[in-house]
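Listed here are the chains, written in short residue letters.
Protein chains: 2
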Amino acid sequence: MEKKLINTPETCVDDLVSGLLYMNPKLCKIEGYNAVVRSDILNIKDNYVTLISGGGSGHEPAHAGFIGDNMLSAAVLGNVFASPSVASILATIRVTAGSKGVLLIVKNYTGDRLNFGMALELAKREGIEGMLVIVDDDCALPTSKGITGGRGIAGTVLVHKIAGAVAGSGASLQEVFDAANSAIHSVRTLGVALTTCTLPGVKSSTRLSAPYAIEIGMGIHGEPGRENAELPTTNAAKYIAEVLVDGTVTALTTVPFSLSKEIVILVNNLGSLPALEMSVMIKEIVDLLRSKSYLPVRIYAGPLMTSLDMNGISLSILSLPLDRQEKVLAWLDSPVTAPSWISGSVLAYTSDGILIQNNSITVANDNNKSIISSSFHMSTNTALVIVRTICQTIIEAEPLLSEYDSLCGDGDCGMVMKKGATQLHHDFETMFAESVFTIIIDCACLCDIIANSISASMGGTSGALLELCFRSMSSYFVKQVGNIIYSIETFIPLHLRVFKL
Amino acid sequence: MEKKLINTPETCVDDLVSGLLYMNPKLCKIEGYNAVVRSDILNIKDNYVTLISGGGSGHEPAHAGFIGDNMLSAAVLGNVFASPSVASILATIRVTAGSKGVLLIVKNYTGDRLNFGMALELAKREGIEGMLVIVDDDCALPTSKGITGGRGIAGTVLVHKIAGAVAGSGASLQEVFDAANSAIHSVRTLGVALTTCTLPGVKSSTRLSAPYAIEIGMGIHGEPGRENAELPTTNAAKYIAEVLVDGTVTALTTVPFSLSKEIVILVNNLGSLPALEMSVMIKEIVDLLRSKSYLPVRIYAGPLMTSLDMNGISLSILSLPLDRQEKVLAWLDSPVTAPSWISGSVLAYTSDGILIQNNSITVANDNNKSIISSSFHMSTNTALVIVRTICQTIIEAEPLLSEYDSLCGDGDCGMVMKKGATQLHHDFETMFAESVFTIIIDCACLCDIIANSISASMGGTSGALLELCFRSMSSYFVKQVGNIIYSIETFIPLHLRVFKL
Chain A
1 MEKKLINTPE TCVDDLVSGL LYMNPKLCKI EGYNAVVRSD ILNIKDNYVT LISGGGSGHE
61 PAHAGFIGDN MLSAAVLGNV FASPSVASIL ATIRVTAGSK GVLLIVKNYT GDRLNFGMAL
121 ELAKREGIEG MLVIVDDDCA LPTSKGITGG RGIAGTVLVH KIAGAVAGSG ASLQEVFDAA
181 NSAIHSVRTL GVALTTCTLP GVKSSTRLSA PYAIEIGMGI HGEPGRENAE LPTTNAAKYI
241 AEVLVDGTVT ALTTVPFSLS KEIVILVNNL GSLPALEMSV MIKEIVDLLR SKSYLPVRIY
301 AGPLMTSLDM NGISLSILSL PLDRQEKVLA WLDSPVTAPS WISGSVLAYT SDGILIQNNS
361 ITVANDNNKS IISSSFHMST NTALVIVRTI CQTIIEAEPL LSEYDSLCGD GDCGMVMKKG
421 ATQLHHDFET MFAESVFTII IDCACLCDII ANSISASMGG TSGALLELCF RSMSSYFVKQ
481 VGNIIYSIET FIPLHLRVFK L
Chain B
1 MEKKLINTPE TCVDDLVSGL LYMNPKLCKI EGYNAVVRSD ILNIKDNYVT LISGGGSGHE
61 PAHAGFIGDN MLSAAVLGNV FASPSVASIL ATIRVTAGSK GVLLIVKNYT GDRLNFGMAL
121 ELAKREGIEG MLVIVDDDCA LPTSKGITGG RGIAGTVLVH KIAGAVAGSG ASLQEVFDAA
181 NSAIHSVRTL GVALTTCTLP GVKSSTRLSA PYAIEIGMGI HGEPGRENAE LPTTNAAKYI
241 AEVLVDGTVT ALTTVPFSLS KEIVILVNNL GSLPALEMSV MIKEIVDLLR SKSYLPVRIY
301 AGPLMTSLDM NGISLSILSL PLDRQEKVLA WLDSPVTAPS WISGSVLAYT SDGILIQNNS
361 ITVANDNNKS IISSSFHMST NTALVIVRTI CQTIIEAEPL LSEYDSLCGD GDCGMVMKKG
421 ATQLHHDFET MFAESVFTII IDCACLCDII ANSISASMGG TSGALLELCF RSMSSYFVKQ
481 VGNIIYSIET FIPLHLRVFK L
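The listed protein sequences derive, respectively, from chains A and B. Each residue of the first sequence is one higher than the one before, starting from 1 at the first, in this note's numbering. Each residue of the second sequence is one higher than the one before, starting from 1 at the first, in this note's numbering.
Just chain A, same shape as in the assembly (with noise of 0.2 angstroms):
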């Protein structure tokens, strides 16, 4: 039984839709069901051809989370990777319907497509006038092995984009009928699990417990995918963008229009992938697809359809049919007030497809940029001396010091101290000692010397705090003018002083 923050696996999805009402105040939940519409439905609906999307809960925040303008008007939530019931669909219909009639999307599952089927059914018999589309862009598993075609996963949310924008435009239901079934000819998505996923009150499953084992194309529910496969110990994000962009490439030759080059990503993350993975996957992915002559125009991005708490990433690739390809852009950039909506990331290209991007500043890395001067000196014969003898006292007080350290800290304090007092000697004695005249130096420069001394050899924090007060004592030498009153306080910046020096 893993953790889970519900109060019962029974009254989770309960919790859940009250939680949606207070992240989304323009939300209203349809008394009685686990369904949620937009709350000015009945200022709206006679306007635009309204969406409904749904199915099991477990994937958020599809699909409530894309309800907004120009996206989905309501969302019937089932139990966990539960079809709702018809009830509640036709419930939903009911409030969500309007004079231009609605469009269901609905994923390709027996249970989804057979109760949303039915709901409709019985709202048509009532005059509703509705469709229903299918979307079917898992491309895990060959279409040879069964009839059922694939499984309707990420690529649905960008179904819900195009649907919505066109909707949003006051277009028929035929055409927004038919600018989604378009959309779902032309997305395909491949996953991959590092682990399976848990539901609340179930026991979690070994399935990917060995320490590499990953599966190729598991489904959103856990489903077998298409191999089993390991995971290799260095370039793993290499290794998987190669998977999946190979998959997803691969399915879409089976496309039945003209395609470009350009191309529309979706890279889901499946529940608990960490961000700083998100990040180095889509570098190697877009970096892939690059090399491969593909220019990805847009990017989406985030947790859009997940699967729990599995550890998994999907790729979902959106061919731009090369007669409609400014049209289908405009759809996905069209605003939208969808929380859970990401704005795309929109890249353009040279003729020649060279990304333009200006992702590169050059700032002049030269510490000595300001010429630090006082009207302070000290000849350099007279530092040196100074320098050695503390240096030497410090090297010879090793002992001392990592006693006291490891009394009272982690004992490393005498070692770090020598290390910097060796570079620190050995550095004057290099720059200095050799010189037959006699030299004089600035000692603000004096400061700064020690200071970079310290920053070369100690580290950690008593390497940096040294460091930091060599820095501020050259600043203030730079900033006198008659008499200095030496005070260790002056050397110390105010942000350091909680540590009570």
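Among the hints, erroneous ones may be present.
For chains that are exact copies, the list does not tell them apart, and a pair is met inside one copy or across any two.
[Unchecked claim] List of simulated lysine-lysine pairs, BS3-like, C-alpha gap at most 25 angstroms:
hint, residue 1, residue 2
1, Lys261, Lys29
2, Lys203, Lys261
3, Lys261, Lys238
4, Lys3, Lys203
These aren't lab readings, by the way, just hints derived from the structure by calculation.
For this one, chain A is given, so just place chain B on it according to the hints.
Quick look at chain B alone, frame taken from chain A:
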């Protein structure tokens, strides 16, 4: 060693930065460093106070995701959980600071304080005007435990937002500094971890591997928290909400100014808490706060300051000082272009503290809403004979159906069909058998009654399929006026045809 989608632990932050640049073309990398800055920085840096944040990586989307208009100007990225180098911070300050000055927003960790502090000292010597604030919102540990103060965690994001809005309004460096400090003083955060986090290339800790072990107040680098506890097996969400609300509310009593009951909350996903559980937690936290007469007027929720793959959640409460409540809310509401900032949920209350929300809509749940009638009728006696015969045949065929299904399916077909037939038989005998009159029934109604019996008894795919067929037949009768041409295809809606019944 956890499975991680990276290439090597050494290069993962470089790759992370490359991914960031693909995801946000308005960013620009500072050559030679893992630091990113708005690409229009040279055009805007003399118009506004600029803001820099940063720290160790592993907390994505913090901090680079918060770069944009009215929020951060630049972010410096250290290695995973390690402070960035002074050189990289200094380079970032040089690019980012303009004539109005630069503010560094630093989380309260020794390394960050020292390195950001040092870089600022060096920058100041070059004539750059800059200030630094330290965020210490974590209230997990009593301040009596040390002199270092609270750690900087998720509340930092609210400081970014407020400081960014004030800077964006054209305020002076001192004003931005004051607003940031005021936000720091009024925000307190407490987290709970269900698992620790695992660094790239490092073995997973077994610290929280016991079945219900959790740690209250764990830091975002896995630092020790306030106490270990056990997650209750029921009402875990309510329990954690209590821990978080009590901890933060108590900590806020030490805030040095008068507070209103209206508060802002930020519910942070520490990395791998499923979105479903996030929504349940939001419900419980807001319910509990309201029961204590606190009025959350803004709710921000999502993975904002993560800790790699840590499963856990933190609650930040920002108190609104009575004398500048409206101002702070306006700063929080000001629009930003930072891709990872999330618009908060805006909740309003009556003067009696009642939540103003249009959160429920009632639909007439009447399956007889449309009265079914067709021009085709049959006597109930005839219907009873037909149904009885068919049902008895199906019941008797159970062993044969089971045998066939066990050869090509999961073997339950016979039992499911028998269950449906038994129910249908029973329903018909009850409804029609005892009548002594000849009753004429509408054929559309008859089909609907059969569908109801199937719906109530069979379940599964076969039940839904059969129900759908009878509903469709019923609709068909309703629509027909003249002769009926019976064809099985007639009764199967389009979206079921791929099943090739």
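Taking the hints in turn, this is what the structure says about them:
| no. | hint | in the structure |
| --- | --- | --- |
| 1 | Lys261 with Lys29 | neither (43 angstroms within a copy, 27 angstroms between copies) |
| 2 | Lys203 with Lys261 | neither (45 angstroms within a copy, 42 angstroms between copies) |
| 3 | Lys261 with Lys238 | within (22 angstroms within a copy, 51 angstroms between copies) |
| 4 | Lys3 with Lys203 | both (10 angstroms within a copy, 21 angstroms between copies) |
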